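Using the sequences plus the hints, can you model the full thing?
There are 2 protein chains.
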Amino acid sequence: MRSSGDETGKCKRNINTQNQKCTGDSSSGKGSIRVIGLGPGDDCLLAPQARYAIENADAVVGYTGYVKLISKTLLEGREVLSTGMMAEVERCRKAVESAVSGRNVVMVCSGDPGIYAMAGLVMELLEKGKLFDEVKFEVIPGIPAFTAAAALLGAPLMHDFASISLSDLLTPWEKIEKRLAAAADADFVIAIYNPRSKNRPENLGKAIAIVRKYRVDSTPVGIVNKAYRDGQKVQIATLETMNEQDVDMQTVLIIGNSSTRISGEMMLTPRGYSNKYDI
Amino acid sequence: MRSSGDETGKCKRNINTQNQKCTGDSSSGKGSIRVIGLGPGDDCLLAPQARYAIENADAVVGYTGYVKLISKTLLEGREVLSTGMMAEVERCRKAVESAVSGRNVVMVCSGDPGIYAMAGLVMELLEKGKLFDEVKFEVIPGIPAFTAAAALLGAPLMHDFASISLSDLLTPWEKIEKRLAAAADADFVIAIYNPRSKNRPENLGKAIAIVRKYRVDSTPVGIVNKAYRDGQKVQIATLETMNEQDVDMQTVLIIGNSSTRISGEMMLTPRGYSNKYDI
Chain A
15 MRSSGDETGK CKRNINTQNQ KCTGDSSSGK GSIRVIGLGP GDDCLLAPQA RYAIENADAV
75 VGYTGYVKLI SKTLLEGREV LSTGMMAEVE RCRKAVESAV SGRNVVMVCS GDPGIYAMAG
135 LVMELLEKGK LFDEVKFEVI PGIPAFTAAA ALLGAPLMHD FASISLSDLL TPWEKIEKRL
195 AAAADADFVI AIYNPRSKNR PENLGKAIAI VRKYRVDSTP VGIVNKAYRD GQKVQIATLE
255 TMNEQDVDMQ TVLIIGNSST RISGEMMLTP RGYSNKYDI
Chain B
15 MRSSGDETGK CKRNINTQNQ KCTGDSSSGK GSIRVIGLGP GDDCLLAPQA RYAIENADAV
75 VGYTGYVKLI SKTLLEGREV LSTGMMAEVE RCRKAVESAV SGRNVVMVCS GDPGIYAMAG
135 LVMELLEKGK LFDEVKFEVI PGIPAFTAAA ALLGAPLMHD FASISLSDLL TPWEKIEKRL
195 AAAADADFVI AIYNPRSKNR PENLGKAIAI VRKYRVDSTP VGIVNKAYRD GQKVQIATLE
255 TMNEQDVDMQ TVLIIGNSST RISGEMMLTP RGYSNKYDI
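Those protein sequences? They're chains A and B, same order as listed.
Quick note: the working numbering has the first sequence finishing at residue 293, numbered continuously throughout.
Quick note: the working numbering has the second sequence finishing at residue 293, numbered continuously throughout.
The hints are simulated quantities; they were obtained by calculation from the structure and are not laboratory data.
Treat the numbers as computed from the prediction; the structure is a model and nothing was measured.
Honestly, I wouldn't trust all of these hints.
Note: identical chains are not told apart, hence a pair may lie in one copy or across any two.
Said to hold, decoys possible - Capping the alpha-carbon separation at 16 angstroms, the derived lysine to aspartate or glutamate pairs in EDC-like fashion look like this:
1. Lys247 - Asp201
2. Lys108 - Asp292
3. Lys247 - Glu102
4. Lys220 - Glu104
5. Lys86 - Asp260
6. Lys142 - Asp292
7. Lys86 - Glu69
8. Lys142 - Glu279
Put into structure tokens, the structure is as follows:
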């Protein structure tokens with residue numbers, strides 16, 4: 015039993031009144047697939063709406079490493095279908111097949127499900143199978159990895175920013191290089207995802223070399239490993255001093271723009287108030 | 015009284031063990047300032063950690079329009095200092111002064127506090143006053159407006175993206191134009207914040223004209239007003255068909271990249287799986 019002060023109970027009421035899709039009600043006989051974002055992984059940053067979707071799912075599908083982030087009590091009574099890294103298509107197909115069979119399925123992503131995650135692939139499979147009328151489809155947003163990293167660094171975003179993945183598994187490296195140069199030249203704060211894999215350790219060095227053509231050596235670089243997870247590590251270096259050995263696939267990098275500075279032990283990108291107002 | 019199943023209670027335990035900064039404990043005698051993100055505004059998308067910060071604050075400071083998004087029960091017993099639009103510096107100064115006086119202050123932002131919000135300005139004031147040792151400072155991330163909009167549109171992000179604000183109050187318009195051209199030329203999905211104000215109604219038209227130099231007329235544009243708030247409106251148009259009258263300062267636009275398509279009634283940017291795998 016939960017008390018009336020209960021957040022989850024409160025959330026259910028909101029969902030029932032505000033968003034019928036969220037009730038987890040399958041009285042229509044239709045199955046559903048909800049692609050949710052866990053946020054960085056800490057329960058304290060998991061949106062109640064995503065928690066509610068898990069609590070009301072028949073099946074929870076996701077990469078093993080992400081499913082592990084979900085508290086065991088929350089998974090009690092759910093079928094859990096988890097697959098290893100690199101099995102995205104298999105994982106999403108399982109989720110869609112289960113939803114077609116009439117079940118309420120939750121596809122788990124870390125961060126936000128629409129940022130380098132599974133919302134798109136699930137949609138592609140629904141489109142391919144002409145299943146939009148067969149299955150309820152919903153995306154429940156989450157706190158993205160790069161804003162979680164930014165919060166731990168201070169205020170490095172604040173102004174216009176670009177997000178670039180260095181993974182060239184699905185994207186030609188030339189396109190990634192063009193985006194790095196364009197973002198650096200136009201003075202965007204740059205968030206880097208998938209910065210360094212065992213198979214492509216050299217991509218990060220190439221990327222930093224491109225950015226250094228446009229930014230001074232002293233430009234701050236935030237290096238955040240496992241934000242809000244066990245083993246969290248937050249460092250601030252510069253384009254000149256950063257050590258690639260501190261970076262792996264779970265790291266998010268945030269490269270400052272031309273006005274980003276180190277402030278206290280944090281990273282600050284002023285938005286421009288001091289040019290206009292007396293602060 | 016709350017039951018043991020209580021999310022907020024659970025969250026407190028997590029916070030106490032994982033992040034001492036989050037306990038709201040001021041036994042050190044120090045005041046604190048926590049800049050939090052409400053997310054889009056729906057309680058169901060408010061992170062428990064942000065809720066907990068409000069529940070344990072002595073004072074809650076924010077723009078009136080955002081403070082209104084917080085449920086009254088949550089604000090009970092807190093001093094609320096809200097100020098109108100355009101009073102950012104005054105608002106942040108109030109928050110800092112209150113924290114210096116030893117109180118636990120929450121500065122409320124919508125979306126994520128590090129994206130076109132107040133985390134940076136609060137840091138600037140703490141830096142200016144040499145207050146980093148006097149006051150505990152923490153940023154609690156939230157679900158950004160553009161990922162909330164993306165979730166309602168389907169999966170329009172998925173690949174590398176850039177975020178650009180069309181407000182030229184603090185940024186020279188020439189810099190904004192350069193960023194629009196760079197992001198469009200490098201084929202980023204583009205999120206547009208502050209697209210159309212009463213004082214600068216022409217900026218949106220200028221911005222779309224720049225993007226159209228690089229993208230075909232049929233490029234999908236997601237137009238999301240008041241995501242997850244009363245009066246929510248979600249539309250998908252194209253660069254050719256979009257109607258500027260549907261856009262105001264509370265709208266977030268998401269302009270697709272060269273491979274974004276309309277799928278069902280949603281917007282889909284494929285990440286590239288179909289080029290590599292049989293889906």
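Within a copy, between copies, both or neither: where do Lys108 and Asp292 come within 16 angstroms Cα-Cα? between (58 angstroms within a copy, 15 angstroms between copies)
Measure nothing new, just compare the shortest in-copy and cross-copy C-alpha distances for Lys86 and Glu69 to 16 angstroms and report within, between, both or neither. within (11 angstroms within a copy, 27 angstroms between copies)
Please work out whether the CA atoms of Lys220 and Glu104 approach to 16 angstroms or closer within one copy, between two copies, in both situations, or in neither? Answer is neither: 32 angstroms inside a copy and 44 angstroms across each miss the 16 angstroms cutoff.
Within a copy, between copies, both or neither: where do Lys142 and Asp292 come within 16 angstroms Cα-Cα? between (57 angstroms within a copy, 11 angstroms between copies)
Up to 16 angstroms CA-CA - Glu102 versus Lys247, copy category: Neither way: Lys247 and Glu102 sit 28 angstroms apart in one copy and 32 angstroms across, limit 16 angstroms.
Homomeric proximity label, Lys86 with Asp260: Cα distance no greater than 16 angstroms: neither (31 angstroms within a copy, 45 angstroms between copies)
Quick one: Lys247 to Asp201, C-alpha cut-off 16 angstroms, is that within a copy, between copies, both, or neither? neither (27 angstroms within a copy, 32 angstroms between copies)
One pair to classify: Lys142 and Glu279, alpha carbons no more than 16 angstroms apart. Within, between, both, or neither? between (50 angstroms within a copy, 14 angstroms between copies)
Violated hints for the displayed structure, listed by number in ascending order: 1, 3, 4 and 5.
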